[in-house]
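2 protein chains.
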Amino acid sequence: MPLKKNAFYAQSGGVTAVINASACGVIETARAHRDRIGKVYAGRDGIIGALTEDLIDTGKESAAAIALLRSTPSGAFGSCRYKLKSLDTHRREYERLIEVFRAHDIGYFFYNGGGDSADTCYKVSQLSEAMGYPIQAIHVPKTVDNDLPITDCCPGFGSVAKYVAVSALEASFDVCSMARTSTKVFVMEVMGRHAGWIAAAGGLVEDHGIPVVILFPEVEFDEKKFTARVDTLVKKHGFCTVIVSEGCKGADGKFLADQGSQDAFGHQQLGGAAPVVANMVKQALGYKFHWAVADYLQRAARHIASATDVKQAYDVGAAAVKLALKGHNAVMPTIERTSDSPYRWRIGVAPLAKVANVEKPMPRHLITADGFGITPACRRYLSPLIKGEDAPAFRNGLPVYATLKNVPVPRKLPPFELR
Amino acid sequence: MPLKKNAFYAQSGGVTAVINASACGVIETARAHRDRIGKVYAGRDGIIGALTEDLIDTGKESAAAIALLRSTPSGAFGSCRYKLKSLDTHRREYERLIEVFRAHDIGYFFYNGGGDSADTCYKVSQLSEAMGYPIQAIHVPKTVDNDLPITDCCPGFGSVAKYVAVSALEASFDVCSMARTSTKVFVMEVMGRHAGWIAAAGGLVEDHGIPVVILFPEVEFDEKKFTARVDTLVKKHGFCTVIVSEGCKGADGKFLADQGSQDAFGHQQLGGAAPVVANMVKQALGYKFHWAVADYLQRAARHIASATDVKQAYDVGAAAVKLALKGHNAVMPTIERTSDSPYRWRIGVAPLAKVANVEKPMPRHLITADGFGITPACRRYLSPLIKGEDAPAFRNGLPVYATLKNVPVPRKLPPFELR
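If you're matching them up, the sequences are chains A and B in order. First residue of the first sequence? That's 1 in the UniProt record's numbering, and the numbers climb one at a time after it. First residue of the second sequence? That's 1 in the UniProt record's numbering, and the numbers climb one at a time after it.
One thing to keep in mind: the hints can contain errors.
Unchecked claim - Derived DSSO-like pairs: lysine-lysine, alpha-carbon spacing no greater than 27 Å straight-line:
(1) A:Lys282 x B:Lys235
(2) A:Lys83 x B:Lys282
(3) B:Lys235 x A:Lys405
(4) A:Lys235 x A:Lys311
(5) B:Lys235 x A:Lys236
(6) B:Lys235 x A:Lys83
(7) A:Lys405 x B:Lys236
As the list claims (entries may be wrong) - Not everything, but these chain B residues come out facing chain A in the computed CB check (under 7 Å):
(8) Asp174
(9) Thr181
(10) Lys225
(11) Ala300
What the hints assert, rightly or not - If you want the footprint, here are the derived chain A segments under chain B, 3+ residues with CB under 8 Å:
(12) 78 to 92
(13) 294 to 301
(14) 313 to 322
(15) 333 to 343
(16) 369 to 377
(17) 395 to 408
In case anyone wonders, no lab produced these hints; they're calculated from the structure. Predicted model only: the values in this text are computed from it and were never measured. Backbone N, C-alpha and C define an ideal beta-carbon position, used for all residues, glycine too.
Bound conformation, chain A alone (with noise of 0.2 Å):
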């Protein structure tokens, strides 16, 4: 007869529309197991919370709250952006979360995120080993960048991309109505720091005959071409339709706009390459424009996300804890695509060795020669994970969200100082 040990779960990262749908996915399955797991503890903003001992009892939730969390965007118990340092320099950290984890009778460590939090869950999946406390580390894959490897698509990317269609689609209705004494060219910034899969999904408005420029981070920005191309689009169907990712750099390298601040894990805070990328269109050209920056918007609009996404959210979530109920530590559920049409996937298992710190760009063949679209490779790849909708409860006009109880843990503990 195994043991019953709790489990913790935190939340890591930028959050998504989606990632309380894998929250949901791990909390019901661990209630679901109640031989085997007892408490389901959440850390309070992520692995702080496992640091700082600030746990909440998902078990003073009730079931329908926690059924709420499936639709439900942002992170119910906080997020963070706090990345664990190497273990020989950081020894401190660690023997902070054993001591947490052993206080609290933790033997199940899921951790909700994208490529560094990954990291951060690997480097507790080598606790058991390096120093001798046994915790069986799963990761939950989520990242609206869509850039973790091995797995064919990243929960949170696929209602982003919904979003982004929708949202390109519905503009460039827009200004398609206005173009003739109005706004030619709209242009519209997407997230995506190092990848350009959001970039690409608004290339799916293509199929309803929209001209679209897409401006991806894989592909070196040049100006002269880019306008070329705009003129060239807004001549032949008298406007179109401008997608930059955040993360798109000109021949110097350069972001082609940098708020000049960074993030907690060192990251630039990106923002703003949509005036600038318009303001060129009016220079060059003399065409009137639009822009607008969809920033959290777009990662935040669980009223438009994809039923797709939302399904394999919960699943790489109930998954996570039936890997660990089988004895595995150190890996990552992943979505495995069968086939394209019909859409058909499964859940993997990857090694997180082989996930964590690894970025997926996107594969030039899924771009055209030219740098500014999407080929058909790229719209067979897209185009389920949008698929299918899952509208949140309306109240009075607005979604129905989950706001939780959380109520916390008592600490057995002495303080812990982050630093």
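Based on these hints, arrange chain B on the given structure of chain A.
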């Protein structure tokens, strides 16, 4: 037995998520009265279509295509920003209109737009008296700015208000998750050149526990008071959301951001108040921020339209035709509210002379004393307007929107040069 005449319908000014629902109301109602109304000709690109005799025969569209207009954003026949000058100085344009109306036996003129367009419609309505051509001109109200007088609200506004409230809610949940180690202030720029109705809709999320600061065009911007307010909310809640209207102005009367170009009506083209405000927060308080500019995304977002708004847009279109059939000229159907809760409304009628060129700013009693929020009276006004969902059909993950054939009516007249 009254004469059977053809009708002219055109869309004017910035398009909305529901202006095509009004087109649907006009065309379906006209089709139900074939004994009195012959063809419905739509102007390609608004009034320009009438001046250049560029007419679209809506009779060539199937009933299903016209029905689909009800759930299609943008202007299906093209819109324009083109304001007729005065009859005294630009008699040539009015003579041309009469020439086109006479050539195509047009006796009904339905013009679908905002304040500037109401002026154009009013001028056309005077043609019978001034130039002896019998025409009945009915204005169909439309503007996301919600600044037309007399009518309780304007079709187009409810949907943009719903988009702003939903987006603000979702992004605020996102920021709340991240605030511990990352973004603490989220700034969202919304439309509303001279009236803060759209920005006010962001205040509806306060019911969900979200701390919000609204920057209205009606309130002179004061940087010190603003950053102090943000600081108070961040210290209390850990984060805050700022909704800034594109029309927000400082003590010098200048817009916070100004792209430096003008539209065809001579209005300054705005955009970019969000980054200005976000940087003020960063400089004064040091908080990490994110900002979004929704721009066209907000007014095109049919996928999250308000069911109330869609119905009102359809009904004013239908009412315009019925008013014409009753012999009215120079009027506009209005929305008359008879009860807040339960929300009840009916169609009324306003004389165009009292509508044209009159803007309705937000009354000061709808804005809190400190200038940064909305009052309970404002909440009672706004809340019913965003109620109900009316999602379009989806295919392959994207909304199904109508693209009409827009078959041209054969020209009978020599060309006319726009000046």
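Going through the hints against the structure:
1. A:Lys282 x B:Lys235: violated, 42 Å
2. A:Lys83 x B:Lys282: Since the Cα atoms of lysine 83 of chain A and lysine 282 of chain B sit roughly 24 Å apart, the hinted pair holds (cutoff 27 Å).
3. B:Lys235 x A:Lys405: holds, 21 Å
4. A:Lys235 x A:Lys311: Violated. Lysine 235 of chain A to lysine 311 of chain A sits at ~43 Å, over the 27 Å cutoff.
5. B:Lys235 x A:Lys236: violated, 53 Å
6. B:Lys235 x A:Lys83: Cα-Cα ~25 Å, so holds.
7. A:Lys405 x B:Lys236: Cα-Cα ~18 Å, so holds.
8. Asp174: The hint holds - aspartate 174 of chain B has a Cβ within 7 Å of chain A, the shortest such distance being about 4 Å.
9. Thr181: holds, 4 Å
10. Lys225: violated, 25 Å
11. Ala300: Since the shortest Cβ distance to chain A is 4 Å, the answer is holds.
12. 78 to 92: holds (count 5)
13. 294 to 301: holds (count 7)
14. 313 to 322: Check failed, 0 qualifying residues.
15. 333 to 343: Three-residue rule not met by the region 333 to 343 of chain A, so violated; n is 0.
16. 369 to 377: violated (count 0)
17. 395 to 408: As far as the region 395 to 408 of chain A goes, the hint holds, because 6 residues have Cβ atoms under 8 Å from chain B.
Against the hints set out earlier in the document, violations occur for numbers 1, 4, 5, 10, 14, 15, 16.
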